[in-house]
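Engineer: The residues making up each chain are set out below.
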Amino acid sequence: MQSNRLGWILLAPTLVILFFFGVVPFFYVLWLSFHQWNPFAADPNVIFNGADNFRALVFDNGFLSSLGVTIAFVFFAVLSELVIGYALAQAFLKDFPGKAIFRTIHTLPLIMAPIIVGSIWKLMTTPSIGIIPSLLRSWFGYDLNIGTSAVAAFTVTVVMDIWHWTPLVTLTLIAALVSLPSDPFEQAQIDGANKRQIFWHITLPMIMPAVLATVFIRLMDALRTVDEVLMLTGGGPGSATRYLGVHIFKEVFPRTNYGYGSAISIIVLYLTIVACWLLYVSLIAPRNTKG
Amino acid sequence: MKLNLKLSASVVALSMIAGAAFAQEIDVKNPEWWQEAGKQFEGVTLHGVTESTPASNYISDVLAPKFEDLTGISVQIETTSWDQMYDKAIKDMEAKTGIYDMVYIEQDIVYAYLARNFLVDVTKALKENEGLNAPEYSEDNFTTFADNFRGKDGDLYGLPMEAFIKVYLYRKDLFDDPDIKAAFKEKTGKELKPATTHEDYAEIAQFFTDYGKEKGMDLWGTTAQAHTGHPASWYEYYESVAPTFGVYNWGIDADNNYAATVEHGGTMNSPEAKKALKWWLSMRDIAPPESVQSTWTEVATTFAAGRAAQGLVYGENAAWIATDESKSRVVGKVGVALPPLEKGVMEDAESGKGYIGYYDGGAFGLPVTSKNQEASLLFLQFMALPEVQEDWAAAGSRITLTSTYDTPKVKEIDEELGGYYTMLRDDGKLFKGAPEYPFHRQVIEATTPTFYQILTGGISVDDGLDQMAEKTEEELKSLGYRK
Chain A
1 MQSNRLGWIL
11 LAPTLVILFF
21 FGVVPFFYVL
31 WLSFHQWNPF
41 AADPNVIFNG
51 ADNFRALVFD
61 NGFLSSLGVT
71 IAFVFFAVLS
81 ELVIGYALAQ
91 AFLKDFPGKA
101 IFRTIHTLPL
111 IMAPIIVGSI
121 WKLMTTPSIG
131 IIPSLLRSWF
141 GYDLNIGTSA
151 VAAFTVTVVM
161 DIWHWTPLVT
171 LTLIAALVSL
181 PSDPFEQAQI
191 DGANKRQIFW
201 HITLPMIMPA
211 VLATVFIRLM
221 DALRTVDEVL
231 MLTGGGPGSA
241 TRYLGVHIFK
251 EVFPRTNYGY
261 GSAISIIVLY
271 LTIVACWLLY
281 VSLIAPRNTK
291 G
Chain B
1 MKLNLKLSAS
11 VVALSMIAGA
21 AFAQEIDVKN
31 PEWWQEAGKQ
41 FEGVTLHGVT
51 ESTPASNYIS
61 DVLAPKFEDL
71 TGISVQIETT
81 SWDQMYDKAI
91 KDMEAKTGIY
101 DMVYIEQDIV
111 YAYLARNFLV
121 DVTKALKENE
131 GLNAPEYSED
141 NFTTFADNFR
151 GKDGDLYGLP
161 MEAFIKVYLY
171 RKDLFDDPDI
181 KAAFKEKTGK
191 ELKPATTHED
201 YAEIAQFFTD
211 YGKEKGMDLW
221 GTTAQAHTGH
231 PASWYEYYES
241 VAPTFGVYNW
251 GIDADNNYAA
261 TVEHGGTMNS
271 PEAKKALKWW
281 LSMRDIAPPE
291 SVQSTWTEVA
301 TTFAAGRAAQ
311 GLVYGENAAW
321 IATDESKSRV
331 VGKVGVALPP
341 LEKGVMEDAE
351 SGKGYIGYYD
361 GGAFGLPVTS
371 KNQEASLLFL
381 QFMALPEVQE
391 DWAAAGSRIT
401 LTSTYDTPKV
411 KEIDEELGGY
421 YTMLRDDGKL
431 FKGAPEYPFH
441 RQVIEATTPT
451 FYQILTGGIS
461 VDDGLDQMAE
471 KTEEELKSLG
481 YRK
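Residue numbers (full-length UniProt numbering), protein chains in the order written: chain A, 1 to 291; chain B, 1 to 483.
The hints are simulated quantities; they were obtained by calculation from the structure and are not laboratory data.
Hints should not be assumed to be uniformly reliable.
What the hints assert, rightly or not - Below are the BS3-like pairs computed for lysine-lysine, each with C-alpha atoms no more than 27 angstroms apart in a straight line:
(1) K213(B) <-> K122(A)
(2) K88(B) <-> K122(A)
(3) K66(B) <-> K127(B)
Said to hold, decoys possible - One side of the interface only, derived from the structure: several residues of chain A facing chain B at Cβ under 10 angstroms:
(4) L232
(5) T241
(6) A275
For each residue, glycine too, the CB sits at the ideal point set by N, CA and C.
Could you put together the complete structure from these sequences and hints?
Structural biologist: Right, here's the structure in full:
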């Protein structure tokens, strides 16, 4: 009983912070999503408009296009981070000269603010003056211009995200891999299993909780990407990189369309929960039911 | 490749030092008065937010420390990007958090701020606090640009701190080069001189782009503020290019129920607007490749790096481009001229019916939510003292007091710049700030997705402008301005 009370006391500061910075803003945004509010409208008051914002979303081409490019962005970025992150985690488990330095350097992007990452990539990719277009032209004769090519801009945002966040995946998977018991692997080798079979039937199932947790974190982060992309492309060229986060930012801040922007935020939250749930039921639930 | 990398490093370095600190000494008259006035605000720290421009950087680097020395009142000025500046200021005033004691008010946003009663009536506040009236400060010192920040009652709601025109800058060294002049004459049959018409401008631009290619130089015929994901491109077209084709006030007729489409009496999708956009896009296509990612800042950097022979450049950058060797490669090689025009536009501008380009600038205002309004009034007046203007004008190409035109440094730079300040004084009346609408960002954000599509070729100019005009009317209806 006493330890229970102590637990609550220790948890209290976190709960208070979570309440004021998580729960209260959530309900405020939820409330706003059922209202029309633009402080620079002729009538700047908050006006209840029922489900009009949500109804409008269904026919909003800007939102639908933004949703489409966001799904593509999340798919390519998270999948690549997972594959590269796993390969790097495996590499870091082995010894090689300069491993400590390489591991430190590899982790550095993680500590950089997204806005700085966006600025660096902008400088590196600006046509004529950036090092990446310069090298691509000199090596492959390819003119990279993320201001005109939708494909190039999309690809660069994906690569930037991979560069920034793969270290997180690597670190999580290293932690999962080093904690695996050696017995099942030794047993499998004695039974004559090859590397591929060991990976699919032993390693992957055993690290699946860590993989899933990492994918959840990256999925949620990638779905709300704003700063890096806003700095790099501003959502352009056209709407090629106007991901949901950028779309919401532009609706809410410059356009001050607070009600409609809140409705989009609620829908994005809902989609994120659904995506995580789908991942969970497709990857974890079947294994649990097999018992 | 090596050249490109060297150039990369140079341009990056130029960008980074463009906002570097200034180190001028200022002699303020009546320092005792300022010391006395500051005593009652001991321990106060004023917070301001502004866009990172040469003029604003001067405030944070020179004026704020000087004011602190004089009065003991600490001043912290955040200089940030244009988007962030608005984001921070509006959120603070809307949520009434009172973080900022001073906010930068760009000329185009003042009407929205006034409509929302965000700002303190400075004229009235000073009348009510006679003890805070600085001896050298007077509203009468301001140029007529201050009128942009007056309310209906004629009172000032912001004290102007920068004012400039978007000028036609050209490379005097290239335009005066005998070999280039001869080559131009041979190719076009015309004398090489700053263009007065769009046709001439396009011919010169094409000539220099070809010339750069032939000679293996990193030189293009024109600048273009044509970012495909930032409203800077929208601004260049609507505020600097379209007016030179006779399309004013963004093509919206405020007196006709805010009509934007030709069908309802607007001009946003008029033949002139379409011609203007096609012309501008053709210039964008022969501008340096970085133009599609350029806002106003990068355009200035491109020109300063010597990569363009001519272009429309914000006047706030003109002085450092023409005079500061630590930032610019074209020092002493810059001339200014009025923008090229279609027939009839100059007559419109002279009669007051239209204008030939963008007169930009801003003021520092005092939010009603500020917790240090009286101390802020002191700083605002300090920024408007005649004795702090000369170096500020030299650093930021901005003039807000009439007396500044006659100061020695301004006269000197005026000569080096081929008469920029004289043009600002004498021809400033031909330019105009943004239209007096309280819905700037709303219309811009509603229409930029289509505008960016036009820029990337996803939609034709004709269809795109038709859609934008319709979208504008739709947005204005939704905001309640169009009935």
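Engineer: Now look at each hint and say whether the structure bears it out.
Structural biologist: Verification of the supplied hints:
no., hint, result
1, K213(B) <-> K122(A), "holds, 26 angstroms"
2, K88(B) <-> K122(A), "holds, 23 angstroms"
3, K66(B) <-> K127(B), "holds, 25 angstroms"
4, L232, "holds, 9 angstroms"
5, T241, "holds, 7 angstroms"
6, A275, "violated, 25 angstroms"
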